[in-house]
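Using the sequences provided together with the hints, build the complete structure.
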Amino acid sequence: MSGLTVFLDGKPVTLAELPLKGGGQAAVFPVVGDAGIVVKLYREPPGLDQERRLMRMLTMSPLAARPTDVSQPPELAWPTALARGPQGEFLGYAMRRFGEPRHVQLIGLFTRAQRLKLFPDRADWRFLLGVAWNLAFMTARMHYDNLVIGDFSSSNVVVDANGFVTFLDCDSIAFNDPVSGELFPCLMHTTDYSSPERQAGGPATRATDDFALAVLVYQLLTAGNHPFGGVPHDSASESTVKDNIAASCSYVVRPELVVIPRGTIDPSVLPPELLTLARAAFGPGVHAPAARPPAEAWLRALDKERSLVRVCQNRPLHTYGSHLTSCPWCTRVAVTGHDVFNGPVPVPVPDAPGQQEQTGAAAWAKALKVALLIVVVVILIVIATHAK
Amino acid sequence: MHSEYPPTLPAEYADIEFENNAQRLPLVLCLDTSSSMAGQPIQTLNNALMEWTRELHDDVSLSYSVEVAVVTFGGQGVAAWRGPQLLAPRAPVSPFVPAHTFRPPQLAAAGVTLMTEALELSMHIVAARKAELRASGLQYYRPQICLVTDGLPTDGTGHLTDSWHRLIPVLAEEQRARRFRLYAIGVGGITDMGEQVLQAFAPKFNARLQGFPFRELLQMMSASANAEQKGAGDEVFEKIFSQFKTQRPAWES
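Listed in order, the protein sequences are those of chains C and S.
Using the working numbering, the first residue of the first sequence is number 1, and each one after it goes up by one.
Using the working numbering, the first residue of the second sequence is number 1001, and each one after it goes up by one.
In short, the hints are calculated from the structure, not lab data.
Be aware that a few hints might be false.
[Said to hold, decoys possible] Listed next, with one range per pair, are the computed distances between beta-carbon atoms:
#1 C:SER71 / S:ALA1038: 48 to 58 Å
#2 S:GLN1040 / C:ASP177: 51 to 61 Å
#3 C:ARG102 / S:ARG1166: 16 to 26 Å
#4 S:ALA1038 / C:ARG96: 44 to 54 Å
#5 S:GLN1106 / C:HIS338: 28 to 38 Å
#6 C:ALA247 / S:GLU1173: 25 to 35 Å
#7 S:ALA1110 / C:MET188: 39 to 49 Å
[Said to hold, decoys possible] A few chain C residues that face chain S, going by a derived Cβ cut-off under 7 Å, partial list only:
#8 THR111
#9 THR191
#10 GLY224
#11 GLY229
#12 HIS233
#13 THR240
#14 VAL259
#15 ILE260
[Claimed, not checked] Below, computed lysine-lysine pairings styled on DSS-like, alpha-carbon distance capped at 30 Å:
#16 C:LYS242 / S:LYS1239
#17 S:LYS1239 / C:LYS21
#18 S:LYS1204 / C:LYS21
#19 S:LYS1204 / C:LYS242
#20 S:LYS1245 / C:LYS21
#21 C:LYS21 / C:LYS242
#22 S:LYS1245 / S:LYS1204
#23 C:LYS11 / C:LYS21
#24 S:LYS1204 / S:LYS1239
Here a beta-carbon is modelled for each residue, glycine too, at the ideal position from N, C-alpha and C.
Okay, here's the thing in structure tokens:
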């Protein structure tokens, strides 16, 4: 079944009936007969400002010197054409499709179940460090090109199997028109990644991007832990990440302030230089934008660690920073029984119920093999009989 | 820390996923399984739950923080489900299951419509879950409760009752204090009177829908959960709901 017809550069295309993804503001539709692009349609008439913004964006090609590697997707899902209705009215825009399963929202790296499902055999700490590097690089590059991401979160950046990242919601990027100087502000933000001044209604700036980047890098390096998680000891009732950000209450800097959930990974898995940056961002940097480490600082510190990553000899997918003398993930397994990077499959140790299950599975596999063999033999006999 | 609601279980056994410190989003489906839902409607509901579960598992964003509990009213009374498992009354087990491990119950329709009691149970498990999460140091977004019915509140003998009146001030206060967001949805052959009850429960988020569009309903719950995760303002929830209510495709406006 198909849905609406829209015009891209005057050329009609038919959209799928159901969107891939719909938010409060817009919905993203596949295009019938073209798996390479998607069309984002605004729910409300987007207005002249938005139309002018997208017209300007079509004339720009940011990060054009990149990518250098053919296996690397573009870092920005930049608009490729305006989408118009039959009367020429502006409805949205087309962009390259960066969809699942090849491109996964960053948040998919923040839970073990999704890591194992979507990045099997590769999402170890080294991989997460590489994604953090790519994210810092992307941010630094955009800032260099005078673009402010504005709405920067774990949901609007996707990552591929090589750890390369692509920013999706380019229509909310804040920039100055290179010709007229007109400012196109970013009107969106995601609370859990918003610095206090942004929560209070302030504009998107490089410093607000740097805050979001710090949170995302920290989440990557701790396999998904938010630096403003935890419930303050003295809090009255409801408490959220947003509240902790506003109150500058991060366990990375002041662990004594909050009840820390028992699954939380200790900040010390971050190599010292990166931990120092995190403490600057989540301590003084919360209320003083100038004190936040810029993207280049993250990039330099991440770069140093990439070649130093250690590999654990005892368990698969256990890699860690060079500042540690033993594997923190093995220590965690020993203390809690929870392996951050490997599924809850029992390690083969003599254990009655586990053994039984294994025997059961093995017997089942064996029976299946025998059954298959019989089927093959029967088919061969049938073929042989017919051949005569 | 003290709460007027005792946790359903001591925090160390409260099935708090040993995963990460993600802010949680408790979601309660409070479903009418009384006799009027028998036949096609309950089958449609079961199918919709199966399909929604698949979508939930595949949604990397929602599976990060959503946890689901099911409450039903029908048969002999009111029941809480932990995924597919029916919980005994006052069982010391939380009915909330992380989205990525949630499996839906297989529901059957029979009996009376203890809607008042079902909403009370829903409020209770939400409050208890909040207490558990807080005690474990886990933050939460505003929980969502979704009431779905095709009838009118009855008592245990199946007679219409005014007991739901006692809920009105409680629900008003809870929603004013933003303790949860209640959606009250009438389906099938719900009467004008039934609709008035839902309007009283959830003045902003009530609807009377043609047929049994459970798929769309559950998708709307997902869309709202997504907006909640993003920190959207009230107007976004109202927009999502009004789009659902008029049953228009997203691009039609």
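The hints, checked one at a time:
1. The hinted range of 48 to 58 Å is satisfied by SER71 (chain C) and ALA1038 (chain S), whose Cβ atoms lie roughly 57 Å apart.
2. Between GLN1040 (chain S) and ASP177 (chain C) the CB atoms are about 58 Å apart, so this pair conforms to the stated range of 51 to 61 Å.
3. A hinted range of 16 to 26 Å is violated for the C-beta pair ARG102 (chain C) and ARG1166 (chain S), which are about 54 Å apart.
4. Between ALA1038 (chain S) and ARG96 (chain C) the CB atoms are about 49 Å apart, so this pair conforms to the stated range of 44 to 54 Å.
5. A C-beta distance of roughly 32 Å is found between GLN1106 (chain S) and HIS338 (chain C), which places it inside the suggested range of 28 to 38 Å.
6. A hinted range of 25 to 35 Å for the beta carbons of ALA247 (chain C) and GLU1173 (chain S) is consistent with their spacing of about 26 Å.
7. Checked against the hint of 39 to 49 Å, the pair ALA1110 (chain S) and MET188 (chain C) passes, with Cβ atoms roughly 48 Å apart.
8. At a threshold of 7 Å, the smallest CB-CB gap from THR111 (chain C) to chain S is about 6 Å, leaving the interface hint in force.
9. Look at THR191 (chain C): its Cβ gets to within about 3 Å of chain S, closer than 7 Å, so that hint holds up.
10. About 4 Å separates the beta-carbon of GLY224 (chain C) from the nearest beta-carbon of chain S, less than 7 Å, and the hint is met.
11. A hinted interface residue such as GLY229 (chain C) counts as satisfied when its beta carbon comes closer than 7 Å to some beta carbon of chain S; here the least separation is about 3 Å, so the hint holds.
12. The closest approach between the C-beta of HIS233 (chain C) and any C-beta of chain S is roughly 9 Å, which is over the 7 Å cut-off, so the hint fails.
13. With its C-beta approaching chain S no nearer than about 5 Å, THR240 (chain C) sits inside the 7 Å limit, and its interface hint holds.
14. Below 7 Å, beta-carbon pairs count as interface contacts, and VAL259 (chain C) has one with chain S at about 3 Å; its hint therefore holds.
15. Here the hint on ILE260 (chain C) is kept, as its CB sits about 5 Å from the closest CB of chain S, short of 7 Å.
16. For a cut-off of 30 Å, the pair hint linking LYS242 (chain C) to LYS1239 (chain S) stands: about 23 Å separates their Cα positions.
17. Proposed proximity of LYS1239 (chain S) and LYS21 (chain C) is supported: the alpha carbons are some 16 Å apart, at most 30 Å.
18. Pair hint LYS1204 (chain S) plus LYS21 (chain C) holds up; C-alpha atoms about 25 Å apart against a cutoff of 30 Å.
19. Between LYS1204 (chain S) and LYS242 (chain C) the CA atoms are separated by roughly 25 Å; this keeps the pair inside 30 Å, and the hint holds.
20. Simply put, LYS1245 (chain S) and LYS21 (chain C) have alpha-carbon atoms about 19 Å apart, close enough for the 30 Å limit, and the pair holds.
21. Annotation: proposed proximity of LYS21 (chain C) to LYS242 (chain C) holds, straight-line Cα distance about 25 Å (limit 30 Å).
22. Taken as a hint, the LYS1245 (chain S) and LYS1204 (chain S) pair is honoured in the structure, with Cα atoms around 11 Å apart against an allowance of 30 Å.
23. A threshold of 30 Å between alpha carbons decides the hint, and for LYS11 (chain C) with LYS21 (chain C) the separation of about 24 Å falls inside it, so the pair holds.
24. Among the hinted pairs, LYS1204 (chain S) with LYS1239 (chain S) is consistent with the structure: their alpha-carbon atoms are about 11 Å apart, no more than 30 Å.
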